[in-house]
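Protein chains in written order, with my numbering: chain A, 1 to 259; chain B, 260 to 588.
Keep in mind that the hints are not guaranteed to be accurate.
[Said to hold, decoys possible] Here are the computed lysine-lysine pairs in the DSS-like style, where the Cα-Cα straight-line distance is at most 25 Å:
1. B:Lys490 / B:Lys452
2. A:Lys2 / A:Lys107
3. B:Lys545 / A:Lys253
4. A:Lys221 / B:Lys414
5. A:Lys253 / B:Lys452
6. B:Lys545 / A:Lys232
7. A:Lys253 / A:Lys232
8. B:Lys452 / A:Lys251
9. B:Lys452 / A:Lys2
10. B:Lys527 / A:Lys232
11. B:Lys483 / A:Lys12
12. A:Lys251 / B:Lys490
13. B:Lys490 / B:Lys586
Derived by calculation from the structure, the hints in this document are not laboratory data.
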Amino acid sequence: MKIIVCLKQVPKNDSVLRVNDEGTWIQDRDLSYEINESDQYALEAALQLKEKVGGEVLALSLGPARVQTVIKEALARGADRGVHLDDEAFKGLDAYGVATVIAAAAKKEEAALVLTGLQSDDHGYAQTGVIIAEQLGVAHATIVMDVEVQEARLRVKRELESGYFQWVSLPLPAVLTIQSGINTLRYATLKGIMAAKKKEISHYDAATLGLAADQLAPRQKILRIYVPQKSKQTQFIEGTPAEVAARLLEKLKNEARVF
Amino acid sequence: MANGEGGILVYIEVTEGRVNRASYEALRAGQLIGAETGQEVAAVLFGQGIEAAAAEIAARQLQTVHLVNDAALASYTADGMVRAFQQVIGQTKPALVLLSHTYEVRDFAPKLAASLGRVLTGDCIGYRVDGQDLVLTRQIFQGKMVADVVPTGEKPWFVSFQIGTFRGDECEAGTAAVALTSVTIDAGEIRQKPEQRFKEAKAAVDLTQAPLIVSVGRGIKEQKNIELVRKLSEALGAELSASRPICDNDWLPMDRQIGSSGQTVSPKLYLAVGISGAIQHLVGMKGARTIVAINRDKDAPIFEIADYGIVGDLFEIVPALTAEAEKNR
Ligand SMILES: Cc1cc2nc3c(=O)[nH]c(=O)nc-3n(C[C@H](O)[C@H](O)[C@H](O)COP(=O)(O)OP(=O)(O)OC[C@H]3O[C@@H](n4cnc5c(N)ncnc54)[C@H](O)[C@@H]3O)c2cc1C
Ligand SMILES: Nc1ncnc2c1ncn2[C@@H]1O[C@H](COP(=O)(O)O)[C@@H](O)[C@H]1O
């Protein structure tokens, strides 16, 4: 089975975020990056499926040259080939645009299965995978916690609200959005890192994918970004660790009366 | 948004015959935006044998409740929902479709919008009407920042609101007409075959009754460091719980997870150690009477709901707190 796993490069979780001069996104200078959290689980799910049923895992990322780090990391963990989607026209796309480009690449590659994370840690659209399915005209399932392959179909376990789950079966080709915690992540070995050096990365731009600018036109615009206003008055307790500890416990006892 | 044109269509989610409480929040959003822009509000429900749910919604202030009763919609599937919803939009021609950002909405709304060449403006936490624009506020970077965004394409616009943004119990009462709206769905178009919904075996620990909870997040860095927080919980006589990444890593069992996909707790004290405060975590603990957060990032979203905050390194603060608690015992 040919599986494409979509990996988004996002600023490291503990990055100090500064608003850019236009006020419309963060400054990307001096940031370090990592693979979006749920995408790491999607990659692991793809590798495990390949181990079970055979096939090929393609690690795909859309973004500037720096996102090749993400692709190389995935190759070192066991993906077979990289797909880098890069073009001036791919800058600043909304979820619709990103999904349209990825769907075009998935079509070109004739993938049987596309896996994405369920949500990106930066934009947090929680949409890209579902839109890819719509653009490809294939079935999808979201927030997936387990995957079984049954000939031309998949049977997947979806997480629902309030502690419920549900198994759903759907035909291949398909798109799944993977929830964190579905499996246990593997890390790259030295051997994997060496092997990755010989693996190929395919580069596609808008022209190779046959995409015109109006197909990608944004349908939503960010006016400005900012740090949210606090709604609750938090009492900050300061001092040395010992002082802070004594003050907090005193307040919890006498002011909040929790003990 | 020009006055009067188009109208607002609110999606009411029905699970096993019952209205999802979150849908009242979307309806409340519809009432407010409708009043502000002079637009009529309608609602739509899909399923089979859901007349009671429709009647419940019809007792609120809105114009029309569209009831779509179809055997193909008896259990939810993304394909069935999108096919049906597209037809209702075609018939009612709304300018704005409002939804609550539930798991079900996450599953079908992006597809519905995309099938009409639109994009969902999802998981919003506020809105402002500004002339022709509807300015929506969304969290980005897991709540560390927010963005004001506007839908720019053609109407209808699709907007979903984060659960808790509006008060469902503030929905104005009224009487609406229930309109039976029919759609045609070929069962063969529905590719997903859902099985019964189920719950995993009951959790071994019930944290819902715990009066004191100490909760640990990814700030703890390594599995072995969990012991540090366990010691604090023991010194305080509290239960130990965690954010999702801790349980995803198997550092603590799943049944100690707090949040939208874990337990919902309302203890007297919730002490969050190295937890950033993403919305999916907050929904599980914001009902706590007193919230304390220890985090080295003074802008961490957890401080938005904390009563007491300690900005600092948990590896220094937690042992000091444990020592102090042991002294006081
Ligand atoms: C559909 C869905 C369902 C979800 N369900 C849940 C759920 O039920 N429960 C849940 O918790 N999450 C859930 N999540 C995940 C959620 O979005 C967050 O990713 C998660 O809550 C983050 O966990 P965290 O705060 O521990 O980690 P992080 O966000 O990584 O935060 C770690 C924090 O530790 C602080 N820190 C780091 N080092 C130190 C130090 N030395 N001293 C002090 N502070 C330090 C950092 O400043 C940071 O604020 C869900 C997500 C989705 C999309
Ligand atoms: N630029 C990108 N490159 C690769 N995958 C992406 C990109 N943007 C989004 N995705 C995938 O889509 C998922 C959902 O993203 P989002 O819709 O932004 O929340 C992510 O977890 C990724 O798997």
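Hint numbers contradicted by this structure: 1, 5, 8
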